[in-house]
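With the hints as a guide, dock the two chains, each given alone in a separate frame, to form the complex.
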Amino acid sequence: MSGSKPQAAPVTPKGTYSGPLVVDPVTRIEGHLRIDATVENGKIVDVRSSSQLFRGLEIILKGRDPRDAQHFTQRACGVCTYVHALASTRCVDNAVKVKIPKNATIMRNLVMGSQYLHDHLVHFYHLHALDWVNVANALKADPAATAKLSNSLNANRKETPEQFKAVQDKVGALIASGKLGIFTNAYFLGEKKNEAYYLPAEADLMAVKHYLDALHMQVKAARAMAILGAKNPHTQFTVVGGVTNYDALKPERLAEFKALTDEVVAFVQNFYIPDLLAVASFYKDWAGIGGTSNFISFGEFPTDEYDWNTRFFAPGVIFKRDLAKPQAIDSKLIEEHVKHSWYVGDKALHPYKGVTEPKYTSLEDKDRYSWMKAPRYMGEACETGPLAAVLVAFAKGHKPTVDAVTYVLNYLKVDASALFSTLGRTAARGIECLVTANQMNVWIAALSGNVKAGDTELYTPWKMPDEAEGVGYVQAPRGALSHWIKIKKGKIENFQLVVPSTWSLGPRCAAGKLGPVEEALMGTPIFDPKRPVEILRTVHSFDPCIACGVHVLDAKTGETASFKVL
Amino acid sequence: MSDSEKRILVLGVGNILFTDEGIGVRAVEEMERAYDFSGNVTLMDGGTLGTRLMDPIMNCDLLIVIDAVLGDGEPGSIYRLTGEDLRKSLAFRDSMHQTDLVDTLIMCEIVGHRPEAVIIGMEPQDFHTMALELSPVAKGRQEALIGFALEEVKKAGGAFARKVQPVA
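If you read the protein sequences in the order shown, they are chains A and B. Throughout the first sequence, residue numbering follows this note's numbering, covering 1 to 566 in sequence. Throughout the second sequence, residue numbering follows this note's numbering, covering 1001 to 1168 in sequence.
Please keep in mind that the hints were generated in silico from the structure rather than gathered at the bench. Take every hint as true, because none was put in to throw you off.
Which residues of chain B face chain A? A partial, calculated answer using Cβ under 8 angstroms:
1) Asn1015
2) Gly1047
3) Thr1051
4) Met1054
5) Ile1110
6) Val1111
The calculated EDC-like cross-link candidates involving lysine to aspartate or glutamate, where the alpha carbons are at most 20 angstroms apart (straight line), are:
7) Lys43(A) to Asp285(A)
8) Lys170(A) to Glu1109(B)
9) Lys1139(B) to Glu1029(B)
10) Lys102(A) to Asp455(A)
11) Lys489(A) to Glu469(A)
12) Lys486(A) to Glu467(A)
13) Lys452(A) to Glu252(A)
14) Lys284(A) to Glu195(A)
15) Lys62(A) to Glu1133(B)
16) Lys347(A) to Glu380(A)
17) Lys165(A) to Glu1109(B)
18) Lys220(A) to Asp1055(B)
19) Lys1155(B) to Glu1005(B)
20) Lys452(A) to Glu256(A)
21) Lys1139(B) to Asp1126(B)
22) Lys220(A) to Glu1109(B)
23) Lys258(A) to Asp1055(B)
24) Lys165(A) to Asp142(A)
Note that the structure is predicted; figures quoted are calculated from it, not measured. Heads up, the beta-carbon is just placed ideally off N, CA and C, and yes, glycines get one too.
This is chain B alone, in the form it adopts within the complex (with noise of 0.2 angstroms):
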């Protein structure tokens, strides 16, 4: 890759235990499985950790995190979420986390580099039983999901193709 390419990093983050909460990381997987991304892409299952996904974080120019989001939407409603919006929202104190995706945005700023960042998320079904699959809703809606991120990619200047035989 030249010096000029933007380094992205598409992170699906959640925890694949409880259903739709897994709506990232299985998005990830799938986008592994079914294509082929330029060298300046990398795809991560970044699970649900904070402060330890700093460094490769901090090592791209446009960081894509796919998640689940609550909106006030359907469930399968698709958003997209830029640094600005999540600034402005209020909810964040109430994270489940050490620390969520802002804080650690901040202390990527505050440790020297904080990237572009945009969230590509679904309104989740649900997020409370503890299932490895995804909800209905939220398996139908997948494909629009990586679309969506896939879309990102490509303006941000990476480029992917379909594997001819993906990974089974």
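If we strip away everything but chain A, and leave its shape as in the complex, we get (with noise of 0.2 angstroms):
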């Protein structure tokens, strides 16, 4: 291929496996995730999603003082620390009535945006991509022909034909080495062929190379991050009142700041967008598959903390794919249901009353079967993440979310309704990072704007009250997440967390109803049941975190022995 696209598109090819399929665990997420599936001829319809950790986090804060909640909460994701900080923070600031300064809501949004680059970065091309682009099939490819190919996808590309030859001689030298760490579980690998990829092998060699030019990329995104959370990796600028950043302030340190966010943003225009609509090209049957019916998002990135509709990404409900009435969110219709779940009881609970009262039954059991709970929104249960926070945006006539959608629509050829597919869900998160990327200097400019003008102020001082109760809002790049607090005594009498994943990969509810990932999964082709690349496609583009955070080091080769020491 030279740059054109072929004749006639290739699809997912189909099977006539029957049976039980398990995907246990699903690699490159965070946690053990377990997808439990029933084939028929080639198609699933029946699916389990279910959690394999369980989460006591709300037994370990119980007690405590509110204040202390963030650190805990940020620990309990390897990845998402600042989301939880954030939520914890807000959840407090809400419960005592702390008005927080602009530039400390600024700063917030500025250290979100950095994580919202980050992340999705590193989701598209370092946990997702895998799933679309063979790498094997890379090293066939002509370098000549992917550099004209990359160049003509954007024109501040480039890229020279020795610099993919060298990503193949580098890649190549991996694999013959058996360093395959970062490719290890893939299912492109195998004797035979996967036909369920079938990117030209240009296209894999020019996202082969990306992908290694976007591990130094995410470095500069978290090295920004790093600047204004005061701390790596662990944010510590965040308090009830505000932040404590006063360091940031700095017009030297907001110009290293911007400076790095300008490269990460160009980063996103000029690569990971074309990147995304390139592969997405050629991968057009799965606007058809993995789709789902409701979406529910917080919205993010608030000018008035204390006003929801302030925030950058409107907050919103969109039931049954309905584009044309999206809903406000009353919180009072929140709950969360165990009857499908390992804990006690059936009863589903608003958050404020949620309790974790473990109840593990057994792998096997069709019932029962996570450790998450099952978060519904008026009885429904609603997908959560970049797709869902488009959608809103876009439902709401947001402008910039309007144009980038419109923008990949056209590009693409199809039409809205393709936004209800894995395809859509993995464009809505390019979507929302460029959204975004566009939106970090305007915010930069109205901090600098502030700073020049004398305004420095980022904490409003306040008083722990003696009983209270507050919420904090998050649409974190995994989507919508919220910590609940109760005070009473100065200390924590309650605190729940609903997380983004457990919307989006939870089990069934009271009413029998799938979970989003079940309901996404229903229906899809599985063409070899070894190597089931499908399933990944679309549990991979939900962005998975099981939020499990355990991190053991695994020595047991066989001469461990050797290793020892004392």
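In structure tokens form, the structure reads like this:
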């Protein structure tokens, strides 16, 4: 291929397998997720999504100082540290009714924006790309044709055949040396080519090079976050009442942050989005696979922390894919079900009344089968994440989002119904990233403007009440996150976390309605049951994070004795 | 610090919410509390992050990781692993992380600079119970664990001294 599209677009091949199919664990995600499916004649007809890790954070928090909650919640997850710190801070802000200064809001937004850029880049290139891109096939590509293809996608690209040749050599050597680490368990590996991968070799090579370039870029995104976050990797600048990173107000620190951000933003514009569109144009059949019905987004990037409607991406719910009628969120209508989870009882409860009382049955149990609870809004399972955020913003006519969505739909020559799919979910993550990237400099300018005008206020003093309750809503890169606190005698009486992954990946509810990822997987084609990349495409498109944070090095090689020193 | 000095990063990793899962982080906290280090030594609580640790890792010449390690020893056993031992280990596929340490090091290599790495680890007694305190066994062995990490610091040309008044 030389930049032109193939005559007849290939599609996911049909399989003939019937029987059970278990993916456990699903790799390249944070934590253990198990997908237990029944396949009939090459299609999924029944499926359960099961989280294998119990999180009992609520129990640890009881009786502690509310201000300390963020230091524990941000350890719950190995990746999304800041979003938990922010949700915990916002819920206490809300409970003690403190009004934070506007610079503090901007500062919180900038760090969140950096997190979006970092996480979405890493998700696309390092956690999701290998579901679409065949690294082994990239070795067969013609470097000159690859350079031509890549440069045709964006005027700011100046890539050379030599660079692509160098990548082939590097990756070839990596595979030959057995250091496959980062590519292990990829379903393109195996003796026979997996027909479910159908990018031309040149597109594969292009994506592999940018996979490596994105590794560099995410380092810069993380560094930008650390400049404002005061401490890397666990940010320590949010406090109830505002933020404490006074150092970041210095012009030279802001300039440093801006320089790094500009580089990352340019990478998003010139590489991430064109690559996403190029890969998507070859996998357009996935615009008809993996969709769900209902969506919830808490919205993000407020100008006034106390007015939900000032968020740059608006909060809202969409039912039955109806983009004409986005609905406002009434927090009283959120409940968590446990009827099919490994907890005592079967009563659905509002998070303020939430209890966490584990009761494990077994892995084989089809009735109670997950450590996740099942959140529902008005009794409906709702997908959350970038697709939900983009759909709500689009439905509400948010111009930057409408423009980006329109551009993507036109490029791929599909209509808005294509958004309700695995491809739409992956595209929406790019759209959310692009729209956020384009906004970063607006926030940076607002902050430096305030500082120049002499406003350096970052913190509002407040007093701990004897009794109070509060909620902190965050639209994290992975979706709707809320922390709910009840304070009694100045201490934490109850603390519940409703995390994005439980919205999207939780099990069935009391009414037997499927969780979003379960709904999305129904009907998914399976070509090779030994390498079911189709399941991974949809599961990974949700950017699952099971928030385990368990990290133990396993050195059981049969030679352990030689490592032991004492 | 002079140009010839090795930049040493002591990285405690793990999750403090799960008892001995936090061995590495707790060791680094204790080292920061009780010792002063020369300018070429950086101590860091790495939590459980993978790729986001690449920047500090690539900015050092020697990486000393302190972590819980599952060997075949009794709880409290202390291990010393080097990059090569790690690579040979087959068990990392089941890492619960987005990317584990070995992958992160390979990524550092690809991107440009992979430092020399040594892992000082301890066999955990309990890494499932959600609790902030180390198990009695791990607590009792913490000083020995820190001793081995300090040994590595010294070998690589880092200097340290006990604080006259440790931070409370």
